[in-house]
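Participant: Chain by chain, the residues run as shown.
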Amino acid sequence: MSDRREPLFSAKNRKLLTAPLSKENPITIQVLGICSALAVTVKLEPAFVMALSVTAVLAVGNVVISLLRKTIAPRIRIIVQLVVIAALVILVDQVLKAFVYDVSKQLSVFVGLIITNCIIMGRFEAFAMSNKVWPSFLDGLGNAAGYGWILIVVAFFRELLGSGTIWGYKVIPQGFYDFGYKDNGLMILPPMALIVVGIIIWVQRNKDKELIEEN
Amino acid sequence: MFTNRYIFTYASIMVILVAAILSTASMVLKPYQEKNIKAEKIQGILISAEIEASRSDAEKLFDEYIVEELAVNKEGDVISIFKKGKLVKGDVRPFDLNLKEQLNLEKEAAKGKSDKQALFPLYIMNYNGKQIYVVPVRGMGLWGPIWGNVAFGSDFNTITGAKFDHKGETPGLGAEISTNWFGEEFKGKTIFNKEHQFVSIAVVKGGVANSNINLSHGVDAISGGTITSNGVTDMLKDCLKNYVQYIDKNVK
Numbered sequence: 044m045s046d047r048r049e050p051l052f053s054a055k056n057r058k059l060l061t062a063p064l065s066k067e068n069p070i071t072i073q074v075l076g077i078c079s080a081l082a083v084t085v086k087l088e089p090a091f092v093m094a095l096s097v098t099a100v101l102a103v104g105n106v107v108i109s110l111l112r113k114t115i116a117p118r119i120r121i122i123v124q125l126v127v128i129a130a131l132v133i134l135v136d137q138v139l140k141a142f143v144y145d146v147s148k149q150l151s152v153f154v155g156l157i158i159t160n161c162i163i164m165g166r167f168e169a170f171a172m173s174n175k176v177w178p179s180f181l182d183g184l185g186n187a188a189g190y191g192w193i194l195i196v197v198a199f200f201r202e203l204l205g206s207g208t209i210w211g212y213k214v215i216p217q218g219f220y221d222f223g224y225k226d227n228g229l230m231i232l233p234p235m236a237l238i239v240v241g242i243i244i245w246v247q248r249n250k251d252k253e254l255i256e257e258n
Numbered sequence: 130m131f132t133n134r135y136i137f138t139y140a141s142i143m144v145i146l147v148a149a150i151l152s153t154a155s156m157v158l159k160p161y162q163e164k165n166i167k168a169e170k171i172q173g174i175l176i177s178a179e180i181e182a183s184r185s186d187a188e189k190l191f192d193e194y195i196v197e198e199l200a201v202n203k204e205g206d207v208i209s210i211f212k213k214g215k216l217v218k219g220d221v222r223p224f225d226l227n228l229k230e231q232l233n234l235e236k237e238a239a240k241g242k243s244d245k246q247a248l249f250p251l252y253i254m255n256y257n258g259k260q261i262y263v264v265p266v267r268g269m270g271l272w273g274p275i276w277g278n279v280a281f282g283s284d285f286n287t288i289t290g291a292k293f294d295h296k297g298e299t300p301g302l303g304a305e306i307s308t309n310w311f312g313e314e315f316k317g318k319t320i321f322n323k324e325h326q327f328v329s330i331a332v333v334k335g336g337v338a339n340s341n342i343n344l345s346h347g348v349d350a351i352s353g354g355t356i357t358s359n360g361v362t363d364m365l366k367d368c369l370k371n372y373v374q375y376i377d378k379n380v381k
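Protein sequence lines correspond, in order, to chains A and B. My numbering numbers the first residue of the first sequence as 44 and each following residue consecutively. My numbering numbers the first residue of the second sequence as 130 and each following residue consecutively.
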């Protein structure tokens with residue numbers, strides 16, 4: 044142990060938490076986990092539950108892998124990572140089925156598919172395997188939050204424009220409909236999630252010119 | 130650095146540990162999950178009888194409106210009666226019958242492979258002074274099982290409501306069977322013709338109006354969902370036919 048202990052929220056650790064929210068966002072910059080971003084963002088509630096589930100799996104998984112990192116033989120590390128992810132995802136799925144049955148039905152296979160969400164494997168392999176427990180935990184939280192806020196923003200717009208509701212409550216007044224306003228059915232279809240993500244990417248790169256690739 | 134023995138031991142211990150954790154979790158959470166599944170089944174029955182129910186009050190409303198639960202066999206005999214929270218006759222609560230198993234049993238029996246008789250659940254409800262028969266149905270769609278509940282009026286011929294659901298039919302096409310409008314189509318249709326022969330209800334591709342099927346025995350299929358629609362037709366026929374003898378004997 045070094046004589047000067049690093050504070051829990053040192054600048055470096057804070058960066059682990061905040062970088063994935065914008066500059067290293069898993070969805071808009073690294074373009075990982077797009078599949079589930081399309082599938083669960085029709086309504087806000089499932090998107091929120093999905094974001095929470097991924098947070099739980101990623102944060103706990105990162106901690107477990109980081110704890111085990113010195114004992115894992117490199118030859119079987121992918122298998123070990125998969126077992127950890129699969130076990131956590133099954134746990135999350137079981138808990139959802141027991142306590143939020145309706146949402147779990149809406150999410151259907153996509154909770155199970157967290158297993159194949161590249162963000163999680165990516166973080167285990169790139170970060171948790173070679174870092175201490177606390178930074179790994181922060182890295183997990185940060186990346187899950189970066190994934191989650193995109194999901195929630197996309198779901199917000201898709202639900203608002205596609206169904207005229209937020210979290211299941213009508214927010215567009217009946218008067219609008221009487222004047223001929225219609226919910227945009229297109230927003231409910233999966234491709235519209237890509238377009239919303241595209242708009243987020245556009246806004247983000249417009250604000251932060253560093254992110255624009257040169258070619 | 131890591132010997133083979135180390136790797137094998139490591140992997141074995143890890144797998145056993147994970148298995149223990151997961152099976153414990155499954156055991157602890159099972160009662161909650163089963164409660165949800167039961168509430169959902171009840172909710173399906175209530176919706177077909179046009180009783181609005183949320184998952185939490187479904188059980189209460191069911192107890193309020195149910196008159197009796199019957200299990201009938203193909204010959205139309207009543208084997209089990211469950212009334213006011215007690216088994217009055219027979220030894221199995223009709224609600225607990227697994228329709229999938231019973232339908233398989235029926236298929237086996239029809240082929241002469243099994244002599245066990247299949248039992249079919251029937252729910253008799255009383256809502257707003259009207260008698261309603263609710264029949265659960267189950268069949269195959271394109272990708273997986275489809276199921277639902279069909280409610281009949283007191284003549285056990287005219288459909289008063291129907292609601293279907295599915296495991297994983299194609300969204301926007303076959304999956305439309307779970308929407309309200311598809312169920313609405315069945316309202317007022319009859320499963321017996323004027324000579325009182327069983328004809329079931331057909332889901333007709335291209336529209337009933339353009340086919341040679343009587344308007345009162347058919348509904349329009351879903352465009353692009355032909356196989357699911359045919360699945361609904363088969364499901365209704367295969368399930369409802371088992372009640373024909375019961376209807377002949379008991380409902381006139």
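Treat the hints as calculated values from the structure; they're not laboratory data. Backbone N, C-alpha and C define an ideal beta-carbon position, used for all residues, glycine too. There could be a bad hint or two in this list.
[Claimed, not checked] Some residues of chain A that are not near chain B, with every Cβ distance over 12 Å (derived):
(1) Gln73
(2) Val127
(3) Lys140
(4) Asp145
(5) Ser151
(6) Gly165
(7) Ala169
(8) Phe219
(9) Ile244
(10) Ile255
(11) Glu257
[Unchecked claim] Among chain B residues calculated to face chain A with C-beta under 7 Å, some are:
(12) Phe137
(13) Ser141
(14) Ile145
(15) Val147
(16) Ala154
(17) Ser307
(18) Phe327
Participant: None of the hints should be skipped; say for each whether it holds.
Facilitator: Now the hints, each set against the structure:
1. The claim that Gln73 (chain A) lies off the interface holds: its Cβ sits roughly 28 Å from the closest Cβ of chain B, which is beyond the 12 Å cut-off.
2. With a minimum CB-CB distance of about 8 Å to chain B, Val127 (chain A) fails to clear the 12 Å threshold, and the non-interface call is violated.
3. For Lys140 (chain A), the requirement that its beta carbon stay farther than 12 Å from each beta carbon of chain B is not met, with the minimum near 5 Å.
4. With a least beta-carbon separation of about 7 Å from chain B, Asp145 (chain A) fails to lie farther than 12 Å from that chain, contradicting its non-interface assignment.
5. With a least CB separation of 8 Å from chain B, Ser151 (chain A) falls inside the 12 Å interface cut-off, contrary to its annotation.
6. Every CB of chain B lies more than 12 Å from the CB of Gly165 (chain A), the least distance being 21 Å, so the non-interface label holds.
7. Against chain B, the non-interface label of Ala169 (chain A) holds: every CB pair exceeds 12 Å, the least being about 21 Å.
8. Separation of Phe219 (chain A) from chain B is adequate, the least Cβ-Cβ distance of about 23 Å exceeding the 12 Å criterion.
9. The non-interface label for Ile244 (chain A) is consistent with chain B: the shortest C-beta to C-beta separation is roughly 26 Å, beyond 12 Å.
10. With a least beta-carbon separation of about 36 Å from chain B, Ile255 (chain A) lies farther than 12 Å from that chain, consistent with its non-interface assignment.
11. The Cβ of Glu257 (chain A) sits about 40 Å from the closest Cβ of chain B, beyond the 12 Å cut-off, so the non-interface label holds.
12. Checking Phe137 (chain B) against chain A by beta carbon gives a least distance of about 10 Å; that is not within 7 Å, so the hint is violated.
13. Evaluation of the Ser141 (chain B) hint against chain A yields a violated restraint, the C-beta minimum of about 12 Å exceeding 7 Å.
14. Hint on Ile145 (chain B) is violated. Least Cβ distance to chain A is approximately 11 Å, over the 7 Å limit.
15. Taking 7 Å as the C-beta cut-off, the interface hint given for Val147 (chain B) holds, the closest approach to chain A being about 5 Å.
16. With a least beta-carbon distance of about 6 Å to chain A, the hint placing Ala154 (chain B) at the interface is held under the 7 Å criterion.
17. Annotation: interface hint on Ser307 (chain B) violated; nearest CB of chain A at approximately 11 Å, more than 7 Å.
18. Annotation: Phe327 (chain B) was flagged as interfacial toward chain A, and the flag is violated, the nearest CB pair being 34 Å apart, outside 7 Å.
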